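What follows is the residue order along each chain.
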Amino acid sequence: MTAVNPVVVLMGLLVLSYLGSFLVAGRTSSGAGLPSGVEYVALGFVLGPRVLDVVGSDMLAAFEPVVQVAIGWLAFAVGLDFGYAAERRVRPGSMALGTLSALLTGAAVSAATWYAANYWHVGATAVDRLLLAGGIGAACSETARLAVRWVVERQGARGPLADRLNELAHSDHLLPLLTIAVLFALEPTRNVAVRLPLRDWPAITIGLGLLLGAGAALLLRSELRLEDAWGLLFGVSLIGIGASARLALSTLTTSFFAGLALSVLSRHRRELREMVAPTERPVLLPALLLAGARLDFRATPGLPWIVAAAIAARIVAKVVIGWLLALSSRPARKGGVLVGLSLLSSGSLAMSIGLTFALRFPGVVGDTVLVAAVLSATVGEFIGPVRLRRTLELAGEVETSPRGIQPQTGSLRGAA
Amino acid sequence: MTGVAAAHRDLSTRAIHGVLLGAFGGLLFFITRRVPEVHGGMWIIAGFGFLLLAGTLMSELVAPIGLPHLTGYLIAGILSGPHVLKLVDEPTVKSLSPVNMLALSLIALAGGAELDLVSVRKGARTLVAATVVQTTLVLVVMSGAFIATRPLIEFARMLSPGAFAGVALLWGALAVTRSPSATLGILSQTRAHGPLATSTLAFVMTSDLVVVVLLAAVLGSVRPLIDPGASLSMSSFVTLGHELFGSIALGTTLGIVLVAYLRLVNKQMLVVLLVLGFGLTTVLEYLQFDSLLTFMVAGLIVRNMSNQGAKFVQYIEQTGAVVYVVFFAIAGADLDVPLLRTLWPVALILAGARALVTWAASQAAAHLANDPPILRRWSWSGLVSQAGLTLGLSGLVAREFPIIGTPFRSLAIATIAVNEMIGPVLFKLALDRTGETSRVSPPSFPSMRPPPID
Numbered sequence: 004m005t006a007v008n009p010v011v012v013l014m015g016l017l018v019l020s021y022l023g024s025f026l027v028a029g030r031t032s033s034g035a036g037l038p039s040g041v042e043y044v045a046l047g048f049v050l051g052p053r054v055l056d057v058v059g060s061d062m063l064a065a066f067e068p069v070v071q072v073a074i075g076w077l078a079f080a081v082g083l084d085f086g087y088a089a090e091r092r093v094r095p096g097s098m099a100l101g102t103l104s105a106l107l108t109g110a111a112v113s114a115a116t117w118y119a120a121n122y123w124h125v126g127a128t129a130v131d132r133l134l135l136a137g138g139i140g141a142a143c144s145e146t147a148r149l150a151v152r153w154v155v156e157r158q159g160a161r162g163p164l165a166d167r168l169n170e171l172a173h174s175d176h177l178l179p180l181l182t183i184a185v186l187f188a189l190e191p192t193r194n195v196a197v198r199l200p201l202r203d204w205p206a207i208t209i210g211l212g213l214l215l216g217a218g219a220a221l222l223l224r225s226e227l228r229l230e231d232a233w234g235l236l237f238g239v240s241l242i243g244i245g246a247s248a249r250l251a252l253s254t255l256t257t258s259f260f261a262g263l264a265l266s267v268l269s270r271h272r273r274e275l276r277e278m279v280a281p282t283e284r285p286v287l288l289p290a291l292l293l294a295g296a297r298l299d300f301r302a303t304p305g306l307p308w309i310v311a312a313a314i315a316a317r318i319v320a321k322v323v324i325g326w327l328l329a330l331s332s333r334p335a336r337k338g339g340v341l342v343g344l345s346l347l348s349s350g351s352l353a354m355s356i357g358l359t360f361a362l363r364f365p366g367v368v369g370d371t372v373l374v375a376a377v378l379s380a381t382v383g384e385f386i387g388p389v390r391l392r393r394t395l396e397l398a399g400e401v402e403t404s405p406r407g408i409q410p411q412t413g414s415l416r417g418a419a
Numbered sequence: 279m280t281g282v283a284a285a286h287r288d289l290s291t292r293a294i295h296g297v298l299l300g301a302f303g304g305l306l307f308f309i310t311r312r313v314p315e316v317h318g319g320m321w322i323i324a325g326f327g328f329l330l331l332a333g334t335l336m337s338e339l340v341a342p343i344g345l346p347h348l349t350g351y352l353i354a355g356i357l358s359g360p361h362v363l364k365l366v367d368e369p370t371v372k373s374l375s376p377v378n379m380l381a382l383s384l385i386a387l388a389g390g391a392e393l394d395l396v397s398v399r400k401g402a403r404t405l406v407a408a409t410v411v412q413t414t415l416v417l418v419v420m421s422g423a424f425i426a427t428r429p430l431i432e433f434a435r436m437l438s439p440g441a442f443a444g445v446a447l448l449w450g451a452l453a454v455t456r457s458p459s460a461t462l463g464i465l466s467q468t469r470a471h472g473p474l475a476t477s478t479l480a481f482v483m484t485s486d487l488v489v490v491v492l493l494a495a496v497l498g499s500v501r502p503l504i505d506p507g508a509s510l511s512m513s514s515f516v517t518l519g520h521e522l523f524g525s526i527a528l529g530t531t532l533g534i535v536l537v538a539y540l541r542l543v544n545k546q547m548l549v550v551l552l553v554l555g556f557g558l559t560t561v562l563e564y565l566q567f568d569s570l571l572t573f574m575v576a577g578l579i580v581r582n583m584s585n586q587g588a589k590f591v592q593y594i595e596q597t598g599a600v601v602y603v604v605f606f607a608i609a610g611a612d613l614d615v616p617l618l619r620t621l622w623p624v625a626l627i628l629a630g631a632r633a634l635v636t637w638a639a640s641q642a643a644a645h646l647a648n649d650p651p652i653l654r655r656w657s658w659s660g661l662v663s664q665a666g667l668t669l670g671l672s673g674l675v676a677r678e679f680p681i682i683g684t685p686f687r688s689l690a691i692a693t694i695a696v697n698e699m700i701g702p703v704l705f706k707l708a709l710d711r712t713g714e715t716s717r718v719s720p721p722s723f724p725s726m727r728p729p730p731i732d
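One line per chain: the protein sequences are A and B, in this order.
Residues 4 to 419, numbered by my numbering, are exactly what the first sequence covers, in order.
Residues 279 to 732, numbered by my numbering, are exactly what the second sequence covers, in order.
It should be emphasised that the hints constitute simulated quantities derived from the structure, not laboratory data.
A couple of the hints might just be wrong.
So the derived list for chain A, only partly shown, Cβ under 8 Å to chain B, looks like this [unchecked claim]:
no., residue
1, Leu222
2, Val239
3, Leu241
4, Gly245
5, Ala246
6, Pro285
Partial list, computed: chain B residues near chain A (C-beta under 7 Å) [unchecked claim]:
no., residue
7, Leu289
8, Thr291
9, Ala293
10, Val297
11, Gly300
12, Gly304
13, Met320
14, Trp321
15, Ala324
16, Phe328
17, Thr334
18, Val490
19, Val550
20, Leu646
Quick caveat, the model's predicted, so the values are computed rather than measured.
Where a beta carbon is used, it is the ideal one built from N, C-alpha and C, also for glycine.
Please put together the full structure from these sequences, using the hints given.
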């Protein structure tokens, strides 16, 4: 049998994902389609080596640079957008609550996963279990920043609670990305000629990102053609991704901090964001398909229990965060006791964290984190948007006639 | 702002760019020296990023001395490539070769879409005269030049006189090739419009067709001279016919599909161009069609059979801006510097002879076609560059005649390197001198001052 050219397969996947997005795009206003893009992950799973084998294991290895670039670029875009919601600066209170939300959710999920992993004897060593628990905790701690905005915009919601929830969804990414920088340091590459204590690796990860971002900001200070600006932006971002991959650092963390530094230091933040936002989708969809192809639901016998524990812990943690929100905010109290479930959607960043673990720690740890990230996002899709809609109705922030506004550019549905 | 202040600001900007380029290069230098790569293939990402960044910055740094951006990209590639600083190693350069597929497809699509048949028809006399005279004179004179330099060419001494004559003819045919990529690269940077830009583009794009036919004819004719066991064969012409007609037919179909897509969908053109560049090129390779010709015909159809041409060119320029930087930087990184160091005297003689005969042929052709003074003076300038197409054809010759394969290709690579460095500089100089370079500022950030015009 003649071997299929990987380039042709990748292009086929690209076309397939766009055909899918075109088909779903026309029905977004009627509620079809999922904002996190888990349907592409499902499609990837069907095409992957465990079902149809159109995308074989060898191809997955060949496409690894594509996946690294996609998730790195997404993290760069998240960093560029961090601290802003709909072009408005996130209030300090929301930022603090968002970070607390990530901390509580991540801690609860990690603890539940740790106990489940110990019970089912998953992971050969304590470090493996720590990586597993920490990885799933990181992947499950974020709220999809675009999913909240998607519902808010589609429902034509306006009011203090909608604003607060949107801001919370835009401010809980820092902690999971710091966590994976620390977790990656637990197993540093053994090929570096320079020997450093373990605690220095997260600092190097963050420092590298900040330096690259600052360099990019300095380069973009001058008068530049738009095409040169693209060259510099891509160039710096790809250097960060490639260097992190070679040093076995967290690509996501480096890229996030590069984007964050650029956002803080450049006077062109808004224009850069407008440039980068429409590219999120083209790079992300093939990565989601490839994430689906990597899914291995039989990675370990204890996998269903670990994932169930993680999802249950996430739901409980979000409910608790909702109570905390209600304690501090009058409009949130109107949203009902389950207001926290409005923040249950997770999406592209969660799946990127799952993917980065699958690439960095292939085997039981990586596969389990990826499956947990995908299933958590899937459950979140079914509960989060519905609950958010109900919460906003209870708070009286939904207009009687939904406007059916399409989400802004950058959403998974945005450009479709 | 005064001129002095602007010059001072310009200087400080370039100094910052230079320092940051050094800093990014230093980072990569440190990593490549201290961290051996174990996770195969991942350095391709950093390599791509650095070539893009270094090419972009180097093009800004060389602009004040009048060098085209393309030369900056090439210099960045040479410096960071496997023969100088080794920031991008040889396997990484090879792994980046799919970028060439994408770049060449975009170049051919843009080249076709820039060709306005009405203008070409108006300048048909010039085009025909230039094609006939350039092809004939360059073929004959460069074959002669190759024969004249025989004492300097080591592998030629081992060949019989007949075989050597055959190799000289092959060299002559190779010398006829031009560089569509360099031409489009310079035109894209300068946004030039005028008789020189139009006639050079038309000539270079159509010369692809001429070269393919000529090389097939020469290959078939010289085979018995180089390989005494072989006989004169018509099979290569059958293959050529299949390749040409197939490419034109497929290009026409593709052009019609693109017109329909632009009219009816007009979304996600980035994805369409990526699929064409990577996916369709691979399919064309499998079918043994000429991808350059196919895409050029498709672009030609979009431009001349619909009103979607301008929009299409804009899409290609948006996508191509980044791709061209990496494409030329890879070409620089791929340049065999040690080989050039060995073969530079003969490469310089052959490149000089080619430039001279190109100039002489353009004078003769301009006289025959009664061209305007601008074309008489400068039409040769855009025809000196050679790059990927010539490299590909030299590889084909090497495969067809293994007896001379490696040394012939090495000499071709060395000569192409010289032409690749000199040609774009000449063409940009000519466009600047004739006033065809656009004085309109290219798009920039709204919050930025407009960029300087190079």
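>> Using the nearest Cβ pair, does Leu646/B come within less than 7 Å of chain A?
In response: violated (40 Å)
>> A closest beta-carbon separation below 7 Å is what the hint needs, so does Ala293/B meet it against chain A?
In response: violated (11 Å)
>> Does Met320/B hold up as a contact with chain A if the rule is Cβ-Cβ below 7 Å?
In response: holds (4 Å)
> Hint check: is the beta carbon of Leu222/A less than 8 Å from a beta carbon of chain B?
Replying inline: Since the shortest Cβ distance to chain B is 6 Å, the answer is holds.
>> Please check whether Thr291/B passes as an interface residue: C-beta within 7 Å of a C-beta belonging to chain A.
In response: holds (4 Å)
> With a cut-off of 8 Å, does the beta carbon of Leu241/A approach a beta carbon of chain B closely enough for the hint to hold?
Replying inline: It holds, given that the least Cβ distance between Leu241/A and chain B is near 3 Å, below 8 Å.
>> Can you verify the interface hint for Ala246/A: is its Cβ closer than 8 Å to any Cβ in chain B?
In response: Since the shortest Cβ distance to chain B is 5 Å, the answer is holds.
>> Given Gly304/B as an interface hint, is its Cβ closer than 7 Å to any Cβ of chain A?
In response: Status violated, d = 11 Å.
>> Would the hint on Val297/B be counted as holding, given a Cβ-Cβ threshold of 7 Å to chain A?
In response: The hint is violated - Val297/B has no Cβ within 7 Å of chain A, the shortest such distance being about 9 Å.
>> Does the closest beta carbon of chain A sit nearer than 7 Å to the beta carbon of Ala324/B?
In response: The hint holds - Ala324/B has a Cβ within 7 Å of chain A, the shortest such distance being about 2 Å.
> Against chain B, with CB atoms and a cut of 8 Å, does the hint on Pro285/A hold up?
Replying inline: holds (6 Å)
> Hint check: is the beta carbon of Val239/A less than 8 Å from a beta carbon of chain B?
Replying inline: holds (6 Å)
When held up to the earlier numbered hints, the structure conflicts with 7, 9, 10, 11, 12, 18, 19, 20 and fits the remainder.
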